[in-house]
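Asker: Just need the whole structure built from these sequences, with the hints factored in.
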Amino acid sequence: MLKLDDLSKHFDGVRAVDGLSLEVDQGEVFGLIGPNGSGKSTTVNLICGVLSATRGKVTFKGRDLHGLPPHRRLNAGISRTFQNIRLFGELTVWQNVWIARRDAPGREAGFIRNWFGSSARTREAIEETLVFADLAGRANDLAQNLAFGEQRRLELARAVAARPDLILLDEPAAGMNREEVEDLRQRILALKHDGITVLLVEHVMELVMGVTDRIAVLNFGKLIALGTPGEIQGNAAVREAYLGSPDSESA
Amino acid sequence: MAFYFGLLQTIGIHTLLGLSAYILLLTGQLSLAQVGFFAIGAYVSGILTVIFEYHIVPGLFLGALVGGLFAFLVGFPALRVKGLMLVVATIAFSEIVRLFFFNLNWRVSVNGVEVGPDSTQGFREIRFYAANGWDTLDVVLFVWLFVVIVMALLWWLDRVRVGATLRAVGADELAAQSSGVNIVAVKVSAMTGGGIIAGLAGGLYAHSATYVDHLTFSVLLATFAVAYPILGGLSSVFGTLIAVIFVQGVLIEGMRFLGDWRNILFGLLIIIAMNVRPAGLIDGKVVLRIREALGTGKKSGGEGHAETR
Ligand SMILES: Nc1ncnc2c1ncn2[C@@H]1O[C@H](COP(=O)(O)OP(=O)(O)O)[C@@H](O)[C@H]1O
Ligand SMILES: [Mg+2]
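Going down the list, the sequences are from chains C and L.
The first sequence lines up with residues 1 to 251 when you count with the numbering used here.
The second sequence lines up with residues 1001 to 1309 when you count with the numbering used here.
In silico negatives: residues of chain C with every beta carbon more than 12 Å from chain L: (1) Asp6; (2) Leu22; (3) Thr54; (4) Lys61; (5) Gly62; (6) Asp64; (7) Arg107; (8) Ala147; (9) Glu179; (10) Glu180; (11) Gly195; (12) Lys222; (13) Thr228; (14) Gly234.
A short, non-exhaustive set of chain C residues, derived as facing chain L with CB atoms under 10 Å: (15) Gly49; (16) Val50; (17) Leu91.
Label-pair ranges, simulated between beta-carbon atoms: (18) Ala236/C to Leu1084/L: 53 to 59 Å; (19) Phe148/C to Leu1294/L: 32 to 38 Å; (20) His1055/L to Asn84/C: 55 to 61 Å; (21) Arg1262/L to Thr54/C: 53 to 59 Å; (22) Ala136/C to Leu1145/L: 41 to 47 Å.
Derived by calculation from the structure, the hints in this document are not laboratory data.
Each residue gets a CB set at the ideal place from its N, CA and C atoms; glycine is no exception.
Answerer: Put into structure tokens, the structure is as follows:
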């Protein structure tokens, strides 16, 4: 479903992503881990079109995404959350979701209806998304007035509202307590159940090991290991680069 | 009475001009090109009613349209620049427009009288209202008809997805893009809409004043255009109206005795106001308080979600 070929991004000499090739299959939860600065967020930005690659290409559902801006990649079925929360603070929770909301393929509302009107179907879908993110009671609150955990859930809701085929989550569990991490795990499994492919960038090992089907490990922008959670946990190179380091951030 | 009728026209026209900048500010663009579109609307509609003897309604309509067309064209290069550079680029545009009309000489004999823009002498005798027997009250009502229509339109836009999307682009372009918003389309649309409103305001101004020249379309007026919505805050269109009433009705008229010192004092007051109340005089909190006072503060469910506070 998603294929990266020799994907590279250099920032004046820093090889943030360096010749990364991998394939994510339809319907799987794919983990992307690695130490800080290993190029995970840069990879996410390359996939969703926020950054353009120095070299290599991104193929999604058989289509080369080269030159496609982020909003068209979203329409193609890729949505994302941000490592540093980026909500529309002065808009309501409802509006945040409304902006990203996409109708199901083949059931799109017309231009006028979409931009100047509202339909019961859209309202229901937004409410459903808010229930999914446990934000139904906060629809009319400004995003900036939400608690941290709620803001994280709203980021997820906004990304889900776009009806993506692939969702990129950039450290969604950062700063969450144990209970919140477990809620998030359930939500990721629910997405998987709905047939959405998930690329999960995460530091919280408990979550990565408990929810992913396969994991890729990055170090200095390069792929150093790829396998099931069990295989990755037993991989010596990974332990050395990442898991074994004394200050690793497993929660 | 005539004085108050004149003031009402000024307030109406400046409100439109302010709203043309308001819609751009929602998307995070600070434009001083509004006075350029205002000038285009003034000259185009004036030429249509004076030289081509159009009725004022199609005259205004076409003036607004041409203003919007130029805004659309300015919109694309404007995407490339942000912040201070956008301010400078849009000032340059307004100055080019001003100099164009400074040089425009298009004198035509209509019914034995020579009329039309006379370059440095300005464009005189834009007398549609007088020639058609409208009295001042008619003109005031005519101007305010447009003010009410434009305000209602923008107020309504804030209740549909367009409004939320404009504000999203203003809040965070990257997040908006990643949420599927085509920011190029949104910014150019906002610029075009602003150009149409400014063009309309210019047409109304030309016919109320009956005389325009290049000096009318100064950088000072461009500054006023953005100062109104900034002072009034971006919470609602009413902020802009209140700011215009405050500036035109209270500050300018109330301090006429100060002569030229007035401009300096006015500039100072704007700077102070922006520092004391950076989110505008009418920020979200004030709007909330007003709503509560009116008993409409606690809307629940239904439409409430679509509102921006
Ligand atoms: N916009 C940028 N400009 C310059 N360097 C950057 C930029 N973004 C990321 N980098 C660098 O690229 C490397 C990878 O960063 P990032 O992808 O954010 O890592 P991760 O998400 O794995 O922590 C880091 O060394 C970082 O400093
Ligand atoms: Mg990162």
